[in-house]
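A.B. asks: What follows is the residue order along each chain.
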Amino acid sequence: MIEPLKRPQKRNPILPLRQPTLPPGTRSRASKQMAAAVAEGRFELQHCHDCGQIQYPPRDACTRCLSVRLEWKEVDGRGELISETLLHHSNELYFRHLVPLRLGLVRLPQDITLLAYIHGDCPPAPTPVRLQAHLDKSGQAVLVALPPVDTPQMADDRILREMTSDPKFRKVLVTDAKSATGQALCKTLLDAGADMVWAGVAEPWKQPPGFDMLVKHPNITVVPLDLSDARSVQDLSSSIGAKVDILINNAEFHRNTGIADRPGTETARAEMEINYFGLMRLAQYFGPALRARSGEGIAATAWVNVLSVYALSSLPNQGTFSASKAAALSLSQTLRAEMHHAGIRVVNVFPGPIDDEWTQLVPPPKLAPAALAKSIVKALQDGVEDIYPGDVAQDLFQKWRLNAKALERDLWEQ
Amino acid sequence: MSASVQSQPAFPRSRYDGVVITAPVTIPYVRYSEKDAHWFLARALAALLKTSGLRKDEIDGLGVSSFTLFPDTAVGLTQHLGFSPRWLDHLPFGGASGIIALRRAARAVQNGDANVIACVAGDTNHVDSFRQNLANFSRFARDAVYPFGSGGPNANFAFLTAHYMRRFGATAEDFGKLCVAQRDNALRNPLALFKKKLTLEEYLNARPIADPLKLFDCVMPCAGSEGFLVMREEHARRLGLPYARILGTIERHNAFPDDPIQDRGGWMLDRDDLYAQAALGPEDMQFFEAYDDYPVINALQMEGLALCGYGEAPNFIRNNSFSLGGSLPFNTSGGQLSAGQAGAAGGFLGLVQALRQVTDQAGAMQIPQANHGLVSGFGMINYDRGLCTGAAILGRA
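Those sequence lines, one after another, are chains S and L.
The first sequence lines up with residues 10 to 423 when you count with my numbering.
The second sequence lines up with residues 10 to 406 when you count with my numbering.
Excised from the complex, chain L in its bound form:
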């Protein structure tokens, strides 16, 4: 169908030396809101100013990701919120938008196109907006997915999950273990929407949504926003902001188009590049913030980023605890499955949490010796599979 893709770039990539990520902010999630996306993005930008002590006009770059900003884009937002940036990016990558925002902003700052770039993602959730978003998510979704039962991503992920379980022998208990571990983390996160402990029995006996998916396999849509700043290292130091190094990043779109059904993602094409850029290996990662709208996608990320082999995630899950104090702490804020999915902010959640971890700002969720953290993103079920993948390694300064 498409030309084969090279897994190694022809030209060695330069590092992000001298550029850092800083100022993690989260605007508390709510299940439903009567506010618009603009409101949540404004709150995130205001929080970034407050955290950094910067004036509004000192932010000369903006990266924006949102599904419900329509009919506006990042462009309309500049006038709406009174910014005059000399660098502007709109990021329609859903769950990969945080990582892609970061890597683009980092290059812009590194090369002097902007001094300080505020990256924000946020969405509202009106009572009927989720249905409307699904109905018009993409042309292929409108033509060839939504008319079939209108189950939204539940149906798509049910196909991927059923296939993955059959092909690689994953069980409901494997996925449940991840969900339960994440919920334990969420109980330490004051901003998580889910406040109740989840047991494996509750997970296994929950009501069916789209077989084999049950209630706790599916993210809960909500409203909220997330943000961070990208600036030069000496600038962050001058402002007295705790910051993290950007050791490596990758992105890929529409990888493996000839696979009949998705059971691997673009990470597999680019992970060598990621670890080479960071001069680290998967074994050096002290925690992992994965994109978790449904548990099967966690398995694809573990395999894609070489934490285990292709098809070996079930065993990998059985052999790790994923708790904050255990082996490979995983989705340390509870992830989207326990914190909620605030639209495009779901693509920032893991990155913002990783930034907190390597800068010792994770509070009750803090893991010891968080020196290198792996963050992964996955986005945009355009038709039958997610198209965007990305990953980043953050390091302690």
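One chain only, chain S, in its complex shape:
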């Protein structure tokens, strides 16, 4: 059984900061498709469309019939650890502080052998295991063999902690923490073992129900943060930027307008100011601080953006909001590319309508703020990159994957 994770010691400030390093990230084009599925939380392997052969490592053709019609389909991952090693020596800097590392060969019933990291709670080979795919710090797909059933401190495994951004013992900044989702996030993060939460609030004189909880909670610190004001973002980053391990940008400005509903661009500007430029300001001031600290053991690990499923395809009656979220999605992809050099995971959250004051006239199902907060924390624990929480988001995401043009027409009618 692995040792439960201990609360990390306070960092000795005279010791040099460990520079971030990454595991080898070069992959073939075929292999990147595996990472695409893992980013959304699925473990997929190549299936031959013509003969059904399942194969690994990813190839350009089927080993049985040479067909090039290969498809990615989800697999179960239950198999057998047939041989293993404890690796004491590595040729790459990234692994120098991670060795000794447990590695093994896992045989799946589909007659394929896969090399994987082995979770510390797996018994010695030969033994049944559950194979999962994860994104490593390079953002590429790797495999981890887990014990057949969950063990008590499973998430504390050293290699899993490298692949995931579990809030346990980490310090988190939540923007617009006084919103319903913001409050739910603060609570859920602390329940998941977060060390502390900074609750960023703009206009602190406006105090919605629940605000008191934020102020009084011993592990929550309310801090001033107005994303529309570069100075405010800069001030906060100077005081806490070097301590934030996870940043969750939950701030949004949301109105229900299309183009023809009203003249002028003020509403659209206000939405862009928070949803797009606000993200940019955060990224410019907090991004470098997180990147610099990603090499430390339990330090900076993730950045979460709460977007909207309508970032994928516009909901015309909330057209300007959709546009601002689409802009934010595009910016977030840039942020992901920049943060990836330091191994910081950027998680994009694509919820459907959230059950708040701005969706009063939207018919159910709507996503409860607590449910959204739960999905976000789970995404951090699972180490995925994109999530589509709630029934509406799931439905629209599947339609978008199937046929984005058809979805565009579907949304005309809503």
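Certain hints may be false.
Here are the simulated distance ranges between beta carbons [stated by the list, open to error]:
| id | chain 1 | residue 1 | chain 2 | residue 2 | range |
| --- | --- | --- | --- | --- | --- |
| 1 | S | L107 | L | V136 | 20 to 28 Å |
| 2 | L | D66 | S | C60 | 47 to 55 Å |
| 3 | L | H262 | S | P133 | 29 to 37 Å |
| 4 | L | R176 | S | R87 | 21 to 29 Å |
| 5 | S | S247 | L | Y41 | 42 to 50 Å |
| 6 | L | P377 | S | V77 | 52 to 60 Å |
| 7 | L | H262 | S | R78 | 22 to 30 Å |
| 8 | L | R176 | S | G61 | 24 to 32 Å |
| 9 | S | L24 | L | S147 | 34 to 42 Å |
| 10 | L | R176 | S | P109 | 20 to 28 Å |
| 11 | L | T208 | S | A251 | 51 to 59 Å |
| 12 | S | R78 | L | V136 | 44 to 52 Å |
| 13 | S | T343 | L | G320 | 56 to 64 Å |
| 14 | S | P118 | L | P377 | 48 to 56 Å |
Calculated Cβ distances over 10 Å to all of chain L for the following chain S residues [stated by the list, open to error]:
| id | residue |
| --- | --- |
| 15 | H98 |
| 16 | P135 |
| 17 | D159 |
| 18 | P325 |
| 19 | P372 |
| 20 | F406 |
Honestly, the hints are just simulated from the structure, not real lab data.
Glycine included, C-beta positions come from ideal geometry on N, C-alpha and C.
Since chain S is already given, all that's left is putting chain L on it; use the hints.
C.D. replies: Chain L only, in chain S's frame:
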């Protein structure tokens, strides 16, 4: 996964009558070198000219094997070194490249496509080149092996070794016995990188690298080169060169793809063919030069080439001494584990040493009555197993 392979060819193979292998050369190994692979291959070719007395333009065929020649191949090397061969082969087979070079060259000379073929293998070892080679060794390695701890072949061979030990009851002492015997041989080899005696205790107590592998289970990468010539027998006689007969050869790639993990190699499919071509049996082999980057692979070769049964190598190791004067002298130059692994030259080392043995040129390593020697090659851990296997039997002329 793949169609079943036949262990016997449909058409009987002809022998290599009239063609011989000659002129064994080794360019001394060094741990690190600032030179490029081209330098080591040039030195090997120059040594072949010096040994044979041939002019450069009398070499009309080249077979080249190297990992660090990139971005060049054998083609670039012709212009780099000023050769205009009418026959050229690039051999990306790693540890099987020596045997494959030999069998291809032998057929080319036998059929008149070339008169004299120089086969050379060599690599450099810059301070960081080993890591870079590992990172880009193959597409599967890059996609599905190297990202997992970047242990290189150590991790792969650790899996095979752990599996083999569990399945067939081999012990660390069994593998250690081979390593110690090889080191004793290396002490007589002035070119071996390891000059100190190795005891079984030192072997067993060495620092762990990738369990169950310890330090002396792993080859040491280095720089160096090896080479030999293939020509007609009467040509060698005219030049006054000691030569050996090529009695049999085999190669195989990606054998047994459905085995969950490798505990046998392609030799098992082709060994009957090998011994039939040579009209000899395993019991006729007076010494064995195996490919030994890790000791477990020696066991697979002993079994694959029918020196013992499948899974019986542990007992076979316990029942033989493997020393130069003992039963079945094994890796008589010290093998790669004691001489060093100069990249692709590791795939030539055993063959060049076997040639020395059957032509009485092995000096202090010479074994008495070396009439028939078995040489084996194993190469290219592409993903989870070695893909290339080969073997040859050399005979005294």
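A.B. asks: Work down the list of hints and note, for each, if the structure agrees.
C.D. replies: The hints, checked one at a time:
One distance hint, 20 to 28 Å for the beta-carbon pair L107 (chain S) and V136 (chain L), holds here, with the actual separation near 23 Å. In this structure, D66 (chain L) and C60 (chain S) meet the distance hint of 47 to 55 Å, their C-beta atoms being roughly 53 Å apart. Look at H262 (chain L) against P133 (chain S): about 33 Å separates their beta carbons, and that is inside 29 to 37 Å. A beta carbon spacing of about 23 Å between R176 (chain L) and R87 (chain S) agrees with the range 21 to 29 Å that was offered as a hint.
Checked against the hint of 42 to 50 Å, the C-beta distance between S247 (chain S) and Y41 (chain L) comes to roughly 48 Å, which is consistent with it. At roughly 58 Å, the beta-carbon separation of P377 (chain L) and V77 (chain S) lies within the given 52 to 60 Å, and the hint holds. Restraint check, H262 (chain L) to R78 (chain S): a C-beta distance of roughly 26 Å satisfies the suggested window 22 to 30 Å. For R176 (chain L) and G61 (chain S), the Cβ-Cβ distance of about 31 Å falls inside the hinted range of 24 to 32 Å, so the restraint holds.
For L24 (chain S) paired with S147 (chain L), a C-beta distance near 40 Å keeps the hint of 34 to 42 Å intact. For the pair R176 (chain L) and P109 (chain S), the supplied restraint of 20 to 28 Å holds, since their beta-carbon distance comes to about 24 Å. Hint check: T208 (chain L) to A251 (chain S), Cβ distance near 54 Å, so the stated range 51 to 59 Å holds. About 46 Å separates the C-beta atoms of R78 (chain S) and V136 (chain L), a value consistent with the hinted range of 44 to 52 Å.
The hint said 56 to 64 Å for the Cβ distance between T343 (chain S) and G320 (chain L), and at roughly 57 Å that hint holds. In this structure the supplied range 48 to 56 Å holds for P118 (chain S) paired with P377 (chain L), their Cβ-Cβ distance being about 55 Å. Its beta-carbon lying about 5 Å from the closest one in chain L, H98 (chain S) breaks the requirement of being farther than 10 Å from that chain. Listed as a non-interface residue, P135 (chain S) fails to keep its Cβ farther than 10 Å from every Cβ of chain L; the least gap is roughly 8 Å.
For D159 (chain S), the requirement that its beta carbon stay farther than 10 Å from each beta carbon of chain L is met, with the minimum near 23 Å. Separation of P325 (chain S) from chain L is adequate, the least Cβ-Cβ distance of about 43 Å exceeding the 10 Å criterion. Remark: the non-interface label on P372 (chain S) is consistent with the geometry, its nearest Cβ contact in chain L lying 46 Å away (cut-off 10 Å). For F406 (chain S), the requirement that its beta carbon stay farther than 10 Å from each beta carbon of chain L is met, with the minimum near 27 Å.
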